[in-house]
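Respectively, the protein sequence lines represent chains A and B. Counting from 1 along the first sequence, just add 14 to a position and that's the residue number in the working numbering. Counting from 1 along the second sequence, just add 1 to a position and that's the residue number in the working numbering.
If you are wondering where the hints come from, they were derived from the structure by calculation, not from laboratory data. All of these numbers come straight from a predicted model, not from anything done at the bench. The C-beta atom is built at its ideal place from N, Cα and C for all residues, glycine as well. Just so you know, not all the hints are guaranteed correct.
For each label pair, taking beta carbons as the anchor points, the in silico distance ranges come out as [claimed, not checked]: (1) 257(B) with 97(A): 19 to 27 Å; (2) 152(A) with 9(B): 43 to 51 Å; (3) 183(B) with 195(A): 31 to 39 Å.
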Amino acid sequence: MASFVMPTSMPADGHASPAAVSAVGLRKSYGDKTVLDGIDLRIPAGSVFALLGPNGAGKTTAVKILSTLVTADGGQAHVAGHDLAAEPQAVRAAIGVTGQFSAVDGLITGEENMLLMADLHHLSKREGRRVAAELLERFDLVEAAKKPASTYSGGMKRRLDIAMTLVGNPRIIFLDEPTTGLDPRSRHNMWGIIRELVSDGVTVFLTTQYLEEADELADRIAVLNDGRIAAEGTADELKRLIPGGHVRLRFSDPSAYQSAAVALREVTRDDEALSLQIPSDGSQRELRSILDWLDSVGIEADELTVHTPDLDDVFFALTGNNEPMEAVR
Amino acid sequence: MSSLSLAVRDSSTMLRRNLLHARRYPSLTLNLLLTPIVLLLLFVYVFGDVMSAGIGGGGADRSEYIAYVVPGILLMTIGGTVVGTAVSVSNDMTEGIIARFRTMAIHRGSVLIGHVIGSVLQSVASVALVGAVAVAIGFRATNATALEWLAAFGLLALVALALTWIAVGMGMVSPNAEAASNNALPLIVLPLISSAFVPVDAMPGWFQPIAQYQPFTPAIETLRGLLLGTGIGNNGWLAVAWCLGLSVLGYAWSKASFNRDPK
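Can you build the whole structure from these sequences, using the hints too?
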């Protein structure tokens with residue numbers, strides 16, 4: 015599979031750069047609800063691409079279409095150089111998919127799940143056992159290998175899921191919200207796993223609700239909102255688009271809060287939380303000047319925190335939508 | 002790999018998976034086996050004397066009623082086993098693993114074929130078990146020739162295949178296990194209103210067409226003819242036609258449901 019020929023589309027600078035996934039005008043509706051309203055994607059081979067968006071933005075639908083699980087209503091896509099509609103089996107041979115809901119067989123053991131995958135990839139008995147043992151070891155599942163997968167914790171299930179995805183040695187991997195529902199330690203483990211995949215030269219397409227995660231892992235990020243790509247770029251490019259950063263001062267004494275609010279004037283007040291927000295890009299220089307300013311007017315806050323833009327800020331800024339996230343389904 | 006050898010290899014992998022499920026969780030299969038065995042004992046030992054009064058002009062005794070009722074019970078066993086198939090297919094389709102299979106370069110039909118072959122094997126094993134109970138309580142078919150035994154076995158396998166494909170279709174369109182078990186209810190009820198327990202001509206006139214024109218009655222009459230030497234008439238052809246028809250219908254239905262985009 016290493017000699018895989020990727021399609022070469024010509025980017026603006028004229029150099030041929032192979033795309034692992036490319037899509038033009040993908041559309042999908044369920045009934046009269048439009049889930050994807052014409053999205054274009056181009057993901058270079060060997061890179062990590064994150065599709066970022068709130069619940070219901072269409073992330074999972076995009077993954078389902080590109081992984082041949084459902085058919086698009088319109089548009090064209092090539093995955094690993096094969097047309098999605100014309101050669102779905104060739105696409106399937108090149109990809110690995112870990113969906114949002116665990117795609118393991120809970121009734122059989124972790125090891126049996128791995129051997130099932132080995133059989134379906136037509137590995138020989140010996141090769142299948144070797145690959146299964148190796149991946150169980152790599153994903154720290156050796157101890158649990160003989161137990162039914164239904165007894166696994168969320169993090170273990172997710173690890174088994176990815177281990178199963180890797181049996182066929184796919185060159186393009188789709189991960190749909192790989193860390194949703196995981197505790198912080200499992201989440202960091204998962205990040206480590208994804209980074210390892212990338213260092214093997216695999217192309218990773220992941221979806222997430224967390225800017226932090228996209229920031230940690232992805233070369234490029236596309237923000238999906240309401241079935242459209244609202245913005246695309248590196249994490250830094252996206253964060254520069256928006257002014258969400260601020261310094262937050264919290265007070266425990268209401269009278270200290272009042273006098274600070276009067277003295278600082280051009281700040282955003284939160285009277286209930288007794289906190290003030292001062293716009294800031296979070297740089298050392300700006301922080302120092304804010305601290306100097308606070309000292310000069312004699313304000314001593316009980317807590318000072320620096321906030322960088324998060325998905326909420328990116329999302330609100332890019333969509334001009336001030337509804338809370340949960341309402342934007 | 003040619004598409005035929007791919008189909009065979011992937012289907013046998015899926016079959017192994019289904020047999021593993023059945024072996025790990027035998028309770029569903031065993032529960033379904035209980036029904037025909039209880040019915041057999043109930044009809045023979047509790048209702049037997051009364052029921053036999055309606056057979057052979059009223060002069061039949063209990064052993065003759067055993068002979069009468071066993072073919073129906075055997076077919077009922079198949080009906081019960083495939084209800085389990087509908088439930089496990091429906092369960093399976095709600096699992097993420099099926100989505101994984103759909104995104105792999107495997108033979109498309111192998112998931113269903115694995116279920117069907119596994120279910121037919123389970124049906125045959127169940128029929129053998131219930132048959133053994135029948136023999137233990139006095140069922141004898143000593144006059145049947147080897148060829149007739151073979152034909153009887155073939156008919157049972159054919160019925161199992163037909164009902165399994167229908168059950169797989171029912172499982173595919175059922176959103177959950179409860180719905181699947183409800184949808185598959187006709188497979189339990191139809192044998193009850195067939196000629197399994199009393200002859201059709203002993204039923205009320207308005208009811209006779211319902212008992213006559215359904216798949217179980219010709220299959221039961223054929224099985225009776227093969228094992229016990231009663232007249233088969235055109236029931237043999239009718240039974241085979243029903244089985245082939247149901248198999249084709251169930252196959253097309255299941256395949257169309259599987260190829261539809263998952264929700």
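Evaluated hints:
1. Distance hint check: the CB atoms of residue 257(B) and residue 97(A) are about 24 Å apart, consistent with the given range 19 to 27 Å.
2. Look at residue 152(A) against residue 9(B): about 32 Å separates their beta carbons, and that is not inside 43 to 51 Å.
3. Taking the beta carbon of each, residue 183(B) and residue 195(A) are about 32 Å apart, inside 31 to 39 Å as hinted.
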